[in-house]
Amino acid sequence: MNAPNASGWRPEMGSADAADQVTASGDRALMLEEPLIFELAAPGTTGVDFDPPAASPLTSLGKFLRKDPLALPGLSEPETVRHYTRLSRQNYAIDLGPFPLGSCTMKHNPRLNEKVARLPGFADLHPLSPQQAVPGALEVINQLAFWLIELTGMHGVAMSPKAGAHGELCGVLCIKAALQARGDDRKVMLVPESAHGTNPATAAFAGFAIENIPANAEGRVDLAALLARLGPDVAGVMITNPNTCGLFERDMKAISDAVHAAGGYVYCDGANFNAIVGKVRPGDLGIDAMHINLHKTFSTPHGGGGPGSGPVVLSKALSPFGPLPYTVREADGSVRLVEEEDGASEHPQGFGRMAAFHGQMGMFTRALAYILSHGADGLRQVAEDAVLNANYVLRSLDGELDAPFGASGPCMHEALFSDAGLADGFSTLDIAKGLIDEGFHPMTVYFPLVVHGAMLVEPTETESKAGLDRFIASLRSLAQRAKQGDPALKSAPHFAPRRRLDETQAARKPVLVWKGDQPA
Amino acid sequence: MPRYFTQDHEWIDVDGDTGTVGITDYAQGQLGDITFVELPEAGAAVKKGDAPCVVDSVKAASDVYAPVSGTVIEANGALDSEPELVNTDAEGSGWLFRLTLSDPGELDGLMDRAAYDGFVAGL
Numbered sequence: 003m004n005a006p007n008a009s010g011w012r013p014e015m016g017s018a019d020a021a022d023q024v025t026a027s028g029d030r031a032l033m034l035e036e037p038l039i040f041e042l043a044a045p046g047t048t049g050v051d052f053d054p055p056a057a058s059p060l061t062s063l064g065k066f067l068r069k070d071p072l073a074l075p076g077l078s079e080p081e082t083v084r085h086y087t088r089l090s091r092q093n094y095a096i097d098l099g100p101f102p103l104g105s106c107t108m109k110h111n112p113r114l115n116e117k118v119a120r121l122p123g124f125a126d127l128h129p130l131s132p133q134q135a136v137p138g139a140l141e142v143i144n145q146l147a148f149w150l151i152e153l154t155g156m157h158g159v160a161m162s163p164k165a166g167a168h169g170e171l172c173g174v175l176c177i178k179a180a181l182q183a184r185g186d187d188r189k190v191m192l193v194p195e196s197a198h199g200t201n202p203a204t205a206a207f208a209g210f211a212i213e214n215i216p217a218n219a220e221g222r223v224d225l226a227a228l229l230a231r232l233g234p235d236v237a238g239v240m241i242t243n244p245n246t247c248g249l250f251e252r253d254m255k256a257i258s259d260a261v262h263a264a265g266g267y268v269y270c271d272g273a274n275f276n277a278i279v280g281k282v283r284p285g286d287l288g289i290d291a292m293h294i295n296l297h298k299t300f301s302t303p304h305g306g307g308g309p310g311s312g313p314v315v316l317s318k319a320l321s322p323f324g325p326l327p328y329t330v331r332e333a334d335g336s337v338r339l340v341e342e343e344d345g346a347s348e349h350p351q352g353f354g355r356m357a358a359f360h361g362q363m364g365m366f367t368r369a370l371a372y373i374l375s376h377g378a379d380g381l382r383q384v385a386e387d388a389v390l391n392a393n394y395v396l397r398s399l400d401g402e403l404d405a406p407f408g409a410s411g412p413c414m415h416e417a418l419f420s421d422a423g424l425a426d427g428f429s430t431l432d433i434a435k436g437l438i439d440e441g442f443h444p445m446t447v448y449f450p451l452v453v454h455g456a457m458l459v460e461p462t463e464t465e466s467k468a469g470l471d472r473f474i475a476s477l478r479s480l481a482q483r484a485k486q487g488d489p490a491l492k493s494a495p496h497f498a499p500r501r502r503l504d505e506t507q508a509a510r511k512p513v514l515v516w517k518g519d520q521p522a
Numbered sequence: 024m025p026r027y028f029t030q031d032h033e034w035i036d037v038d039g040d041t042g043t044v045g046i047t048d049y050a051q052g053q054l055g056d057i058t059f060v061e062l063p064e065a066g067a068a069v070k071k072g073d074a075p076c077v078v079d080s081v082k083a084a085s086d087v088y089a090p091v092s093g094t095v096i097e098a099n100g101a102l103d104s105e106p107e108l109v110n111t112d113a114e115g116s117g118w119l120f121r122l123t124l125s126d127p128g129e130l131d132g133l134m135d136r137a138a139y140d141g142f143v144a145g146l
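So the sequence lines, in the order shown, correspond to chains R and G.
For what it's worth, the working numbering labels the leading residue of the first sequence as 3, then goes sequentially.
For what it's worth, the working numbering labels the leading residue of the second sequence as 24, then goes sequentially.
Keep in mind that the hints were calculated from the coordinates and are not lab data.
Hints may contain errors.
[Claimed, not checked] Derived lysine-lysine pairs resembling DSS-like cross-links, with alpha carbons at most 30 Å apart:
1. G:Lys71 - R:Lys164
2. R:Lys164 - R:Lys318
3. R:Lys517 - R:Lys69
4. R:Lys511 - R:Lys492
5. G:Lys71 - R:Lys189
6. R:Lys117 - R:Lys281
Keep in mind the model is a prediction, meaning the values are calculated, not measured.
Chain R on its own, in the form it takes in the complex (with noise of 0.2 Å):
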């Protein structure tokens, strides 16, 4: 199995199958306790030898010299590294098996991406090289804009922002600047309650007021009342399709056709564009602008083992507001980065830059990779299998855990299920401990909102037939303990390198600084 800790040893239990046996260093075979780094610390040990400098710099620092000593942990770099990897071997990632967390696509990451991310022409560039010097760079960028207009149906796109909350900042500031350009000053964004929670604080945060939309029985953005609310003060609406209840908005052209002809725009989020990639164009279906997750829909590393990157997708009508910098082939076949707006410019009313430079180079040139080593045939079958894989996991669980939209028709890309029916004291969050025991990565859990108790579960297509029963398999059985009320599953996880956390007094009394002895 693929659990990496199948025993389920920990160093203070002392012992486990052999009961009568310790080792000296509290340590067992591969299993590993580590301290802090500060702990191990010695005085005077370092990793680097300085040269001792011609003359001290101290005197010229006159005020600024530090009083305090900086309190750095001295080692050397085997201990380093050491210490890091012992630590690393205590954690899960998606390389150890798999990482069901709804809405974030943790799917795997081919290493042929890796690969071509680490050729030193691609590897060793410096954002301040200038153009002529990196074609090759600019070709990779000009590509991969032109596949995920491709793939979208759309007409622009903005390749600067770094993820998908930035993403939505730019599209919802092109939304702004060309609502500015016709002087119109509407000041209203709907958000339905089946969004991403960032759709909200992202309009916030452009100065639109929220108002919310409810879902339908169904899980489905609520039509009647979104057509209701449409008015001269809209500015637009965000929508997450599929949504956070893993359902497709079917209404989604109606909806996109009524807020055009009530002069709002329609921003979509594409975090979830994995269950509708080669399927389905958003700008067939009415979109203006839409963030594409490069770091879920098209493997590159994240969740802490890379930056994320957010391209904006948009319209034609929302195209000319788009920010600088963005590429163009030149008559002669080669790719132009336009940096500052000219008369010549495609973007005359560009509302400014998203970042400093172009955008995450390291992510494009995965993320182009995977593009082209799948193909159109192959992006399809991506789509097909996430949304198939989970679909298995819903119709697997039925009778097993509550799927308050299971009777909405099939899932995309992920399967939710509530609460309801476990015994009395036990909750979602017992469940998600469990899964540590049996050596999964938790699913999200508490979201979305609208859903009591909410688990998402999100197996991408990463994930075989056997693999996905396996995980099943856990499931059903955490289940059935939760609605048993097996008093075990209230203090798991029993196997992890930690117990359960008092989640409540971390955020209450977090202990964020290393005091040495001194109690926090």
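We have chain R already, so just place chain G on it with the hints.
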């Protein structure tokens, strides 16, 4: 001193033109352990339905809506150091803020205890 309830699980005690606002015991039970309460400033003008206050729990951050319009007189400063009062005594010492009512007529749309209990029972 009459106490009124909203469908969003706030309560308000009314004494003359002064109202004391909190969330109900049912609401705190749904939220779980409260970790932080973001309170309004004295002097803030609030409209019925505004969200002058946010309650953070281990599960979620939730807006608290003003049951009526008015001007905030004071907030329950004890919650800064003891947010758990909202868990242990939601409808007493865990109150959130007091305000001067600008339109007592707005109370007419709120529920009394019996109506609220019936509302919760139907959830």
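Now the hints, each set against the structure:
Between lysine 71 (chain G) and lysine 164 (chain R) the alpha-carbon distance is near 38 Å, which puts this suggested pair outside the 30 Å criterion. Among the hinted pairs, lysine 164 (chain R) with lysine 318 (chain R) is consistent with the structure: their alpha-carbon atoms are about 23 Å apart, no more than 30 Å. With a CA separation close to 18 Å, the supplied pair lysine 517 (chain R) and lysine 69 (chain R) stays within the 30 Å bound. Between lysine 511 (chain R) and lysine 492 (chain R) the CA atoms are separated by roughly 23 Å; this keeps the pair inside 30 Å, and the hint holds.
Straight-line distance between C-alpha atoms of lysine 71 (chain G) and lysine 189 (chain R) comes to about 20 Å, which keeps the hinted pair within the 30 Å bound. At roughly 29 Å between alpha-carbon atoms, lysine 117 (chain R) and lysine 281 (chain R) fall within 30 Å of each other, so this suggested pair holds.
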